[in-house]
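Read top to bottom, the protein sequences are chains A and B.
For the first sequence, the numbering used here gives the first residue as 1, with consecutive numbering after it.
For the second sequence, the numbering used here gives the first residue as 1, with consecutive numbering after it.
No lab work stands behind these hints, which were simulated from the structure alone.
None of the values given here were measured: they were computed from a predicted structure.
Just so it is clear, CB atoms sit at the ideal spot from N, CA and C, and this is done for glycine as well.
Careful, some of the hints might be misleading.
To be verified - Every beta carbon over 12 Å from chain A, so not counted as near; a handful from chain B, in silico:
| hint | residue |
| --- | --- |
| 1 | 21 |
| 2 | 49 |
| 3 | 51 |
| 4 | 52 |
| 5 | 53 |
| 6 | 55 |
| 7 | 61 |
| 8 | 94 |
Stated by the list, open to error - Only pairs whose alpha carbons sit at most 30 Å apart, straight line, appear in this in silico DSS-like list of lysine-lysine:
| hint | chain 1 | residue 1 | chain 2 | residue 2 |
| --- | --- | --- | --- | --- |
| 9 | A | 63 | A | 20 |
| 10 | A | 87 | B | 28 |
| 11 | A | 178 | A | 27 |
| 12 | A | 146 | A | 27 |
| 13 | A | 63 | B | 22 |
| 14 | B | 28 | A | 130 |
| 15 | B | 28 | A | 27 |
| 16 | B | 28 | A | 63 |
| 17 | A | 87 | A | 2 |
| 18 | B | 4 | A | 24 |
| 19 | B | 4 | A | 177 |
| 20 | A | 177 | A | 133 |
| 21 | A | 133 | B | 4 |
Here is how the chains run, residue by residue.
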Amino acid sequence: MKNDDALLREFKQGNTTVYKELIKKYKPYVYTICMSLIKNREDSEEVTQDVFVKVYYSMNQFKGKSSLKTWVYKIAYNASLSLLQKKNKSFLVYDDPHSETLEDESHHHEFLFEKSDREIKIEILKRSLKELKPIETLVLTLFYLKEQSVNEIGEITSLTNSNVRVVLHRGRNNLLKKCNSKLNSK
Amino acid sequence: MKNKIDDELFELFSEMGVSTPKDLTTEKILLKIRAVEKPEPIINPTVVFVYLFLCVALPTLAYFIIKKEVIDMKESDIISRYINSLNLDYSSSVTLMVICIYVIIFQIINLNHSRSDYNCS
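Build the full structure now, drawing on both the sequences and the hints.
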């Protein structure tokens, strides 16, 4: 598969068939971003399609200030937010990220180091992620799954780096709490 | 400890991976892009009404006016009375008929053109 620069160059030269490759490459990630915010399959599918339509028509204006990946994710983030606003769902955000003192998370690690079945752990992780606040699910997904840096997450979500860190810390705490309680109830 | 937690989470998330529903195919997305490029004509009820008026009502009216000029219709005929009230003569009826026929032909050409466009894509 071609790298992003090559894809972008060929697309700008008028070879729009390379766009198929871009869709194949980013479709799972864009869908995961939409799903982590919208938490509804049908809507996430619809928004994912709209994101690729938008990216297709904006590619020629893309100036390369961020990576193509970050730019596509940002479009996915904004499209998901627009849908939530249309449906009057309070997405967000993060009440002031500094409003609570940050809890020490070290006592929630039981879930991670418990020697239980890997598949069960992953199932628990998936279910717990769905129960988190959308912004926490998104930040954790971007950080741990897509290995985006705090800077890149800030660019995508328009949060400051320190806010991203706070949301990440709080999200991790909440995730591990939920995972632990699910593991203990099994 | 924090690094260990992070490492374990990175591993779990990567094992969890990403998945997309089967319905969300690349072809479906490409079709949507094409649909935006060449949107299907939106049928506006006002336009439909105007066209129906031009293509059906006016030619019918014009036909009766012409017919009335050639063969006198009965006085009791409702259409005849209505036409009389319009005070349209033979030449204006023919003009009206020509305009209507022109609109119909124009529409047929236009429809064929947009169909061939759609087939090319």
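Against the structure, the hints:
no. : hint          : in the structure
1   : 21            : 6 Å, violated
2   : 49            : 32 Å, holds
3   : 51            : 32 Å, holds
4   : 52            : 35 Å, holds
5   : 53            : 37 Å, holds
6   : 55            : 36 Å, holds
7   : 61            : 47 Å, holds
8   : 94            : 50 Å, holds
9   : A/63 / A/20   : 21 Å, holds
10  : A/87 / B/28   : 25 Å, holds
11  : A/178 / A/27  : 29 Å, holds
12  : A/146 / A/27  : 13 Å, holds
13  : A/63 / B/22   : 33 Å, violated
14  : B/28 / A/130  : 27 Å, holds
15  : B/28 / A/27   : 12 Å, holds
16  : B/28 / A/63   : 28 Å, holds
17  : A/87 / A/2    : 38 Å, violated
18  : B/4 / A/24    : 33 Å, violated
19  : B/4 / A/177   : 17 Å, holds
20  : A/177 / A/133 : 14 Å, holds
21  : A/133 / B/4   : 24 Å, holds
In terms of the numbered hints stated before, the structure departs from hints 1, 13, 17 and 18, listed from lowest to highest.
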